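Each protein sequence line maps, in turn, to chains X and U.
Just so it is clear: in the first sequence, position 44 is 44 by our numbering, and no numbers are missing.
Just so it is clear: in the second sequence, position 35 is 1035 by our numbering, and no numbers are missing.
If you're looking for bench data, these hints aren't it; they were derived computationally from the structure.
Please read these numbers as outputs of a predicted model, since none were measured by experiment.
Any given hint might turn out to be false.
[What the hints assert, rightly or not] For lysine to any residue, the following SDA-like pairs were computed, each having C-alpha atoms within a straight-line distance of at most 25 Å: (1) X:90 / U:1119; (2) X:99 / U:1102; (3) X:78 / U:1072; (4) U:1008 / X:44.
[Said to hold, decoys possible] Cβ pair distances, simulated, as ranges: (5) X:16 / U:1065: 34 to 44 Å; (6) X:104 / U:1008: 16 to 26 Å; (7) X:22 / U:1086: 44 to 54 Å; (8) X:48 / U:1035: 14 to 24 Å; (9) X:48 / U:1080: 20 to 30 Å.
We put the CB at the ideal spot given by N, CA and C, even for glycine.
If you want the building blocks of each chain, they are given just below.
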Amino acid sequence: MAIRTINNKSVDFDAEGFMTNHKDWDFEIAKILAAEEGIPALTDRHAIVLNFMRKEFEAKGDGPSMRKLTKESGVPTKELYELFPGGPAKKSARIAGIKKPHGCI
Amino acid sequence: MSSPEKIKKVSIIVSRGSLEGVYPGLIMANGARMEGIEANLFFTFFGLYAVLHKYQDTLKVATVGNPAMRIPDAKGFPLPTFLGALPGMSAFATKMMQKEMGKLDIPPVSEFTQMISDAGGKIYACKATVDMFHLTKDDFVPHMDKVLTVGDFYELAAGGQIIFT
């Protein structure tokens, strides 16, 4: 992938479809990326996860582990898998506009 | 994205009851769920201790018969087997490893098996071992889904990959 125009904004993506600059992100972009991941609508619960991912990424330069995500965002594991079916760690990272997470847990 | 066909299902057999024997299977099962891969965990023989509520958080690193073992850390001195047998050595190695795992956000066994179950992974116990160890449903953590025969396991594993640890 490369530069795409979303909502009149040019957004750069890496080869795996993750945004290369998380600062270009906004919630409208998130909605479009979510639709591409098979999530038709983003709820408040999605937003809690996405905001936590972004906060963690800004602080540490990498997305959080699933354990940290569930413990600190207050969204339990079961719900997380329901919110982002078929692979919550990467899907939520992609929709949150951050780079692909590197942790194993 | 580059691989021709994605793995859809893994069935992981955990047969050992040491800390280092149990964790790889748990990490792989959890990692599978994170990728949207269906995951079954089948605990057999001493691996079963990982899902017995009374014992699952008492697992230890084996310091005897492990020629790769080094102290005080992974790049330290080799630990000869006869020293590994000293009282407290296993507890010490376990403590060190748990400390490092904690830093990586790897949870204790009880929390980890619960997390895998919540993530949609299935947890099974081997019937032959359950009978051999005289275990009942009450000995297991509540999220252990079912006691399976080998035949049941193969049926569940059909169409996926089987990993023995």
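Cross-check of the supplied hints:
no., hint, in the structure
1, X:90 / U:1119, "15 Å, holds"
2, X:99 / U:1102, "24 Å, holds"
3, X:78 / U:1072, "38 Å, violated"
4, U:1008 / X:44, "30 Å, violated"
5, X:16 / U:1065: 34 to 44 Å, "42 Å, holds"
6, X:104 / U:1008: 16 to 26 Å, "20 Å, holds"
7, X:22 / U:1086: 44 to 54 Å, "51 Å, holds"
8, X:48 / U:1035: 14 to 24 Å, "23 Å, holds"
9, X:48 / U:1080: 20 to 30 Å, "52 Å, violated"
Of the hints listed earlier, those the structure fails to meet are numbers 3, 4, 9, in rising order.
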